[in-house]
Amino acid sequence: MSKFWERHPFWSLIIVLVIAVFIWAIFAPWPSGITDMFGRKKVFLNALFSGVTLGALYFLAASGFTLIFGLMQNVNLAHGSLYLLGGYVGYQISIATADASGNVVNYTFWWLLAFVGAFLACAIFGMFLQYAVFRRMEGDDLKQTLVTIGISIVAADLMLWYWGGDFYTIATPQWLAGPTQLPLATAVKSSGDVVFLKYPSVRLLILVAAIVIGVLMWLALNRTRVGMLVRAGVDDRDMLSASGVRIQRIFILVFAFGAGLAGIAGVVGGTFQSLAPGEDTSILLSSLVVVIVGGMGSIPGAALGALIIGLAEQFGSVYLPTYAPVLTFVIMAGVLAFRPQGLITSGR
Amino acid sequence: MKKLLMTTVAVSAMFSASTAWADNHPLKVGFMATLEGTYTILGEDGQRGFKLAMKELENKMGGRDVEVIVGATDASPESALRAVRKLVEQDKVDIVIGPLSGSEGIALRDYAKEHPEVTIINGVSGAQETTFVDPAPNFFRFNTDGAQWGVGLGEYVYNEKGWKTVASVAEDYSFAYTNFLGFAHGFCKAGGKITERQWVPLGSKDFASIIANLPDDVDAIYVGLGGGDAVNFLNQYQQAGGDASLIGGSIMVDGTVLSAKGNAKNALIGTPSSGPQADTWDDPDWQKYVKAYQDAFEPDQRFPTPSLLATGYYNATHAAAQCMDKVNGDLSDGQKAFRECLSTIELDAPNGTIVLDDNRQAIGSNFVIEVVEQDDGTLATKMVSKVDNVNQTLGEDEAEFRKLGLPSRDIIECD
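Residue numbers (this note's numbering), protein chains in the order written: chain W, 1 to 348; chain D, 1 to 415.
Just so you know, the hints here were simulated from the structure itself, not pulled from any lab data.
Only a predicted model underlies this, so the values are computations on that prediction, with no experimental measurement involved.
Some hints here could point you the wrong way.
[As the list claims (entries may be wrong)] Using C-beta positions, here's what the derived DEER-type ranges look like:
1) W:Asp193 to D:Glu373: 33 to 39 Å
2) D:Ala190 to W:Val188: 43 to 49 Å
3) D:Arg402 to W:Leu13: 55 to 61 Å
4) D:Gly191 to W:Asp193: 30 to 36 Å
[Said to hold, decoys possible] Residues from chain W that keep clear of chain D, each with C-beta distances beyond 12 Å, as calculated:
5) Met37
6) Leu160
7) Ile170
8) Ser201
9) Ile283
The beta carbon of each residue, even a glycine, is placed where N, CA and C say it ideally should be.
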């Protein structure tokens, strides 16, 4: 970080200024001049929070993708299928004990179990893929990529066959269903009452969960023995395997973990968006954009990329509605033009 | 002698076979619908409407067997052009039934002009321009357009519900503009105000910021979304604690959304809307059609009742079949007799009688509807009122109506 400061004092200053303006905009009450220019503060704060929570979803999906790429150089284009599969499995678990009218006793438990179940289901499927398919074509990037496209098409049709084309949403537990009041003022009424921001509780929980998962992943990668092996594998696979580490086991482990994260992302997506055929390719596209912006193979890069893309989508939809659909791709094109390796590079 | 006899038999057999072939040479019908992308589920129900009609027709039109070739699209005009090119230029179909989505219809109108040899009967696409601006002589539309689907709703919410100010969220493309225009036309005329409009890209996933941007000081919010966009919006609207009254666009309260899994759709109960059909209408013809739909498909492979997309394709297919019967399957002379029949036919459709105007655009009935929860817990639309003989200019003088401008983001203004 200090290196970055020394090398790019100008850009560092700009970044610090932007962050300062953001912090001011979040906490201070807005003078009317700014409200005239940018609309109500409530809209701004909502876009900010939604951008960050959307970023959390993208992070969950993209971190598995980038982890697998970083270690195995395998562009897993079936990652979206794992996402959708996880979502469907989560939905099934969440309604497993539903009675005829759809009520579930102790729903919170089943909802949390849905995350565990989706993780396990996708992890097992991921292990199978790595063990039965990718192990056989190691080092052959093009072949692997084509095979993953094939798998994603077959998986999409199998899921369409089993779950049909309907839209599925996973219900949130009662205590998370409504909005929460946050201690952030959005406006002051003429009577002097302060209006506080209300924000969907479930999205806040998902944000917190994504941050926890991100931190745990960072700790696991940087503070444990397995993490050390994974990092060594990212740096130099051949040398690691020459030094006697059973690299195939590490591969299977990482693939399972990455796939499981995609499954968790599927349950998250099913909870605050919806699941349907076609979601697999759209989340794959988002993941690709996120890792290209953030830097292929880097977990912090995935986090930064997800945050940028999430914020761009949400702010774009409010402040630049006409150009919102192209905004993410403009960012991607910009990154590719000026920093093709991504904002944060992994490995050496 | 024996040889000669055998030859005669063989030749005559060949001859009779070839004459039979000439008469029964199968009719090639291209079917186009959105079987990919955001509108997949809508396309699938459109396909069910088409299949139901073909089943009733025993797969014959005008005494000829029908060979169906399917073209899948994804609601974009490019995909529609790709599909229709393949159907017309490669498979050499005689008739195309489709497309489903607004902008696809406009693309096909232009394509129809370049290919006078094929007759295109619109599936259910509802952009106004398709038949209103520079229409193609070989493009026929037996469904009313999006603006016609909005007729009656504006007056209803203003007068009966007492909602005087409205803000809107709708998809940013031709059909949603047209559908909104139909609502705004009546609403503004009645004296209502539309204070804010938000247009979102087709296929939006996250509506959190859009929802936050909705004004608090309006009586109701018009939501003109369809398919997955509608489900995502409703889910997130509930999570954000939204409790304003909603007004639904025509595909917002359709079977595609009302039968979604999960409880997001429950935000729609009591929502007024309008469109070319009402699910629980007690008209005997409608009930017969609903029954036929339910009998034709397994309960888990269909909606509880046909969506307006199924109805659109069903009507288009029956219109084609009736005219094929009338001309005895004869499509000679550039399909002249067939097209003349289509232009003048009075189609006795389950959702009311349909005739075509000079632009080959349907004039038909429109329904103001409300979403109700049925005894079995499923949602359906019930009829509030019905307006007959709705034409494309919404009852106005054509010159006056053209002055309003073509459907776009700001047509019609009344703030």
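Hints, verified against the model:
1. W:Asp193 to D:Glu373: 33 to 39 Å: 37 Å, holds
2. D:Ala190 to W:Val188: 43 to 49 Å: At 37 Å between Cβs, range violated.
3. D:Arg402 to W:Leu13: 55 to 61 Å: 57 Å, holds
4. D:Gly191 to W:Asp193: 30 to 36 Å: 33 Å, holds
5. Met37: Holds, since 15 Å exceeds 12 Å.
6. Leu160: 9 Å, violated
7. Ile170: Ile170 (chain W) is in fact no farther than 12 Å from some Cβ atom of chain D, at 7 Å.
8. Ser201: Incorrect as stated: the minimum Cβ-Cβ distance to chain D is 8 Å, not above 12 Å.
9. Ile283: 9 Å, violated
Checked against the numbered hints above, the structure breaks hints 2, 6, 7, 8, 9 and satisfies the rest.
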